[in-house]
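Undergrad: Okay, here's what each chain looks like letter by letter:
2 protein chains.
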Amino acid sequence: MEEENKRFSTQPLKGMEDSYPSNLRLDNWIIDQIRDIIEVYCYEEYSGPLLEPIEIFAAKSSEELVQEQAYWIKDKRNKKLILRPEITPTLARMIARKSQEFKKPIRWYSVPTCYRYEDTQRGRRREFIQFNVDILGENSLYAELEILNIIIDILTSFGATSEQFQIYYNNRRFIDAICDFILKVPKNKISLIYNLLDKSNKLEEKEFLETINDNFKEEIIKQGILILKDAKSIQEVLNKFNNIPDQFLESQGYKELSEIENLIQDLDITEYCSFASNVVRGLDYYTGTVFEVFDTGKENRRAIFGGGRYDNLLSLFSNEELSGIGFGMGLLMLKLFLETYNLIPEEIMNSDYSDVIYIASINIKQSQYAHKIARELRYEEFPCIIDYRFENLGNQLKKASELGVRVSLILGPKEMEQNRITIKNMVTEEQKIVEFDNIIDEIYNIFDDLD
Amino acid sequence: MEEENKRFSTQPLKGMEDSYPSNLRLDNWIIDQIRDIIEVYCYEEYSGPLLEPIEIFAAKSSEELVQEQAYWIKDKRNKKLILRPEITPTLARMIARKSQEFKKPIRWYSVPTCYRYEDTQRGRRREFIQFNVDILGENSLYAELEILNIIIDILTSFGATSEQFQIYYNNRRFIDAICDFILKVPKNKISLIYNLLDKSNKLEEKEFLETINDNFKEEIIKQGILILKDAKSIQEVLNKFNNIPDQFLESQGYKELSEIENLIQDLDITEYCSFASNVVRGLDYYTGTVFEVFDTGKENRRAIFGGGRYDNLLSLFSNEELSGIGFGMGLLMLKLFLETYNLIPEEIMNSDYSDVIYIASINIKQSQYAHKIARELRYEEFPCIIDYRFENLGNQLKKASELGVRVSLILGPKEMEQNRITIKNMVTEEQKIVEFDNIIDEIYNIFDDLD
Chain A
1 MEEENKRFST QPLKGMEDSY PSNLRLDNWI IDQIRDIIEV YCYEEYSGPL LEPIEIFAAK
61 SSEELVQEQA YWIKDKRNKK LILRPEITPT LARMIARKSQ EFKKPIRWYS VPTCYRYEDT
121 QRGRRREFIQ FNVDILGENS LYAELEILNI IIDILTSFGA TSEQFQIYYN NRRFIDAICD
181 FILKVPKNKI SLIYNLLDKS NKLEEKEFLE TINDNFKEEI IKQGILILKD AKSIQEVLNK
241 FNNIPDQFLE SQGYKELSEI ENLIQDLDIT EYCSFASNVV RGLDYYTGTV FEVFDTGKEN
301 RRAIFGGGRY DNLLSLFSNE ELSGIGFGMG LLMLKLFLET YNLIPEEIMN SDYSDVIYIA
361 SINIKQSQYA HKIARELRYE EFPCIIDYRF ENLGNQLKKA SELGVRVSLI LGPKEMEQNR
421 ITIKNMVTEE QKIVEFDNII DEIYNIFDDL D
Chain B
1 MEEENKRFST QPLKGMEDSY PSNLRLDNWI IDQIRDIIEV YCYEEYSGPL LEPIEIFAAK
61 SSEELVQEQA YWIKDKRNKK LILRPEITPT LARMIARKSQ EFKKPIRWYS VPTCYRYEDT
121 QRGRRREFIQ FNVDILGENS LYAELEILNI IIDILTSFGA TSEQFQIYYN NRRFIDAICD
181 FILKVPKNKI SLIYNLLDKS NKLEEKEFLE TINDNFKEEI IKQGILILKD AKSIQEVLNK
241 FNNIPDQFLE SQGYKELSEI ENLIQDLDIT EYCSFASNVV RGLDYYTGTV FEVFDTGKEN
301 RRAIFGGGRY DNLLSLFSNE ELSGIGFGMG LLMLKLFLET YNLIPEEIMN SDYSDVIYIA
361 SINIKQSQYA HKIARELRYE EFPCIIDYRF ENLGNQLKKA SELGVRVSLI LGPKEMEQNR
421 ITIKNMVTEE QKIVEFDNII DEIYNIFDDL D
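Residue numbers (this note's numbering), protein chains in the order written: chain A, 1 to 451; chain B, 1 to 451.
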């Protein structure tokens, strides 16, 4: 009884998306393909609550995420709950809760939906699905290599090449060592350098220079930041700085980064991986290796996703030391990347009735018989549809044809009386009458002929 | 640097659950099995945003759901958003948005996570997964039958029998017709009758009688409610009422219910379906057929899930008339039901490394070779793990054995030099040295022998 003008909008909220079957088929196709890769690396799936106490995010994620982009709720005790903007703090909590039960290294993945109340733009929504893959309790740099390999396998499994993507890696301890031993940056200003490097791709040259000048007086630091903004190899960094002290060369950051570089060469994945000293990642919990995967096409040069190593994952919850490395890959960004390079087969989004058996009947008296046949077919795992019109056979078959059905069964009074079925190959338009007991074989015959 | 007493709790919020891999395996096993059934009925999966404007729920769901049990958020424009307590209003919005694009009948399903801020109890959580299956735009009662068949197929596919569950069905228009034509209930008191019937199983006899007496004076209405509370067949209802007017026998409600009863007989599913006049469902949008699936075991007699027909699904959003019927099945309740009758295979929750290839190495020099082999195996879709210790072979093989691995590869300097691999059957403890190129065949041989 509502009047026209009282009707509600049919649009989803801003930044949210309706997943119609065709969209969901595409999402599921991508997710399943990634799952297949992750599972040959023996990662197990977990999931956790969408709502968490806001404190466990405030303490470890970025301030921007919690202060500006969080969706939150007050519960009946006036406690703030957050709709998770990412899943890592939940992972930490879950591991801390039962750490002793799990053999290390722990290889886990999850496909959570997450929420960030931010301005929407290409590749970003307020509600989004993010693949999360983590290996925990493996301190050697082989964990880094495993994660890099998984990323390469995922992207190449879709057909992407090293001309289309590149994993840019760096190490936060390496940047720390440069700040400490070469640039002598005061401790309280190191996070500013991280901030600047993180934004260096997004800021205009002029703006970037201004921000440096506003914040630093020392010429060596200003020059240092500009070097770190652009350097494309460890050697380049070393060459551009004068007077590199031994302390730096003996630092964990320098050593780790050099070792990673060697391992990448050993494993023959240099094609996909490059050093980039401006990659530092925005989240506060990263401590060592960090990386960002870039679309390297000329026109769409941009980060697709990233990750890194975080030590002391459990520190909010327990004494236990546990280091991990992982990545969070937004499904939407990945989809845009795949679309850019035509890596999504067109037919994925179409609904597919080619294996469906369509049951049409001449009149209502065959209703019971139609259901009996459907039960038999479904028991044999054939998807099937009964047309409930039970009249006007022509329209029923037209519908089957429109859906793209390849096999229809036609039931009339005579068929029913004799326990037979008319089976029609919708492609060749041939039809014949067969015994009820032979129907499964006859269906297989038609599919065999057509395939 | 946190001190012990500043640590956060590792427990999830009340009414929420951490899904560790073993739990998630079980959930996914159940979900996949249900999916398989739904897909032979040709239902397509959709999903929608978790957040919706609260109005579309306030208008169509139950008042309790929105007033008392909703988790909601105020957005930056002070608009109330709800964390969906169910998905039907979203379904309605999505269909209304693009109705013309979809051929009727529309068969859709979804597996949304939903939220209700209610007291937690056995079988209920504040965050829960609910299977939703709907057929829309099919006005004939065959849609009802299809939904009943799907439910029966789902439950029997897990091995449940008609001794363990029963679908109790009713029709709201039938109850309306009784109220109108037999009991002459004033229009404004009909919803009270629904309320009473809905709670009749939960209230004590005494309390139930008191509530009737408090609300109704007319003896015929009081008696009528008591009849409807217990009647187990349409005939029983008719027998217990005197003077049934023709208007009642000609009512849509009576006719529909009688026809459903006939169809249930025709389709030979009487074993699983019974009439129960007190089943009316709590949600406001149901208009015709309603049903509840009960665990009928003596000790755990309780509703597992339910559903029904809703006409004018789209009325909040458009002029189009569209009728649908469907059900929402909570995963947790289903799981409790299956557990009660031992219908969940124990091994489902165990992690399964029986197909994993474990790569152990004598020393670090085989690292590169190990990765080369792993790449080959993963390319052939064998899940495999490299032990990154690269020392103490005994410990590596012990780990493989603990995990339940059946095939390990052992790499030493000699193997590497000769491009060979030692392959070990972890069950028989036999091992031999094979050529790199034959490794896939040799793995298949061992699995064939063991299976």
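Heads up, some of the hints might be wrong.
Same chains, same label: a pair holds when it works inside one copy or across any pair of copies.
[As the list claims (entries may be wrong)] Straight-line distance between alpha carbons at most 30 angstroms, and here's what the computed BS3-like set of lysine-lysine pairs gives:
| hint | residue 1 | residue 2 |
| --- | --- | --- |
| 1 | K217 | K76 |
| 2 | K298 | K432 |
| 3 | K184 | K255 |
| 4 | K103 | K399 |
| 5 | K98 | K80 |
| 6 | K232 | K76 |
| 7 | K398 | K79 |
| 8 | K98 | K240 |
| 9 | K76 | K398 |
| 10 | K104 | K365 |
| 11 | K80 | K14 |
| 12 | K103 | K432 |
| 13 | K229 | K298 |
| 14 | K432 | K184 |
Keep in mind the hints are simulated off the structure, nothing from the lab.
Undergrad: If a hint holds in the structure, say so; if it doesn't, say that too.
TA: Against the structure, the hints come out as follows:
1. K217 / K76: neither (51 angstroms within a copy, 40 angstroms between copies)
2. K298 / K432: Classified as neither; 59 angstroms inside a copy, 52 angstroms across copies.
3. K184 / K255: Within one copy only: 19 angstroms inside, 88 angstroms across.
4. K103 / K399: between (55 angstroms within a copy, 9 angstroms between copies)
5. K98 / K80: Answer is within: at 25 angstroms inside a copy they meet the 30 angstroms cutoff, but 37 angstroms across does not.
6. K232 / K76: neither (53 angstroms within a copy, 42 angstroms between copies)
7. K398 / K79: Neither, since 59 angstroms and 47 angstroms both go past 30 angstroms.
8. K98 / K240: Neither way: K98 and K240 sit 48 angstroms apart in one copy and 60 angstroms across, limit 30 angstroms.
9. K76 / K398: Answer is neither: 57 angstroms inside a copy and 51 angstroms across each miss the 30 angstroms cutoff.
10. K104 / K365: between (64 angstroms within a copy, 23 angstroms between copies)
11. K80 / K14: This pair counts as both: shortest intra-copy Cα distance 23 angstroms, inter-copy 14 angstroms.
12. K103 / K432: Classified as between: cross-chain Cα gap 29 angstroms, same-chain 61 angstroms, threshold 30 angstroms.
13. K229 / K298: within (19 angstroms within a copy, 72 angstroms between copies)
14. K432 / K184: Answer is neither: 87 angstroms inside a copy and 58 angstroms across each miss the 30 angstroms cutoff.
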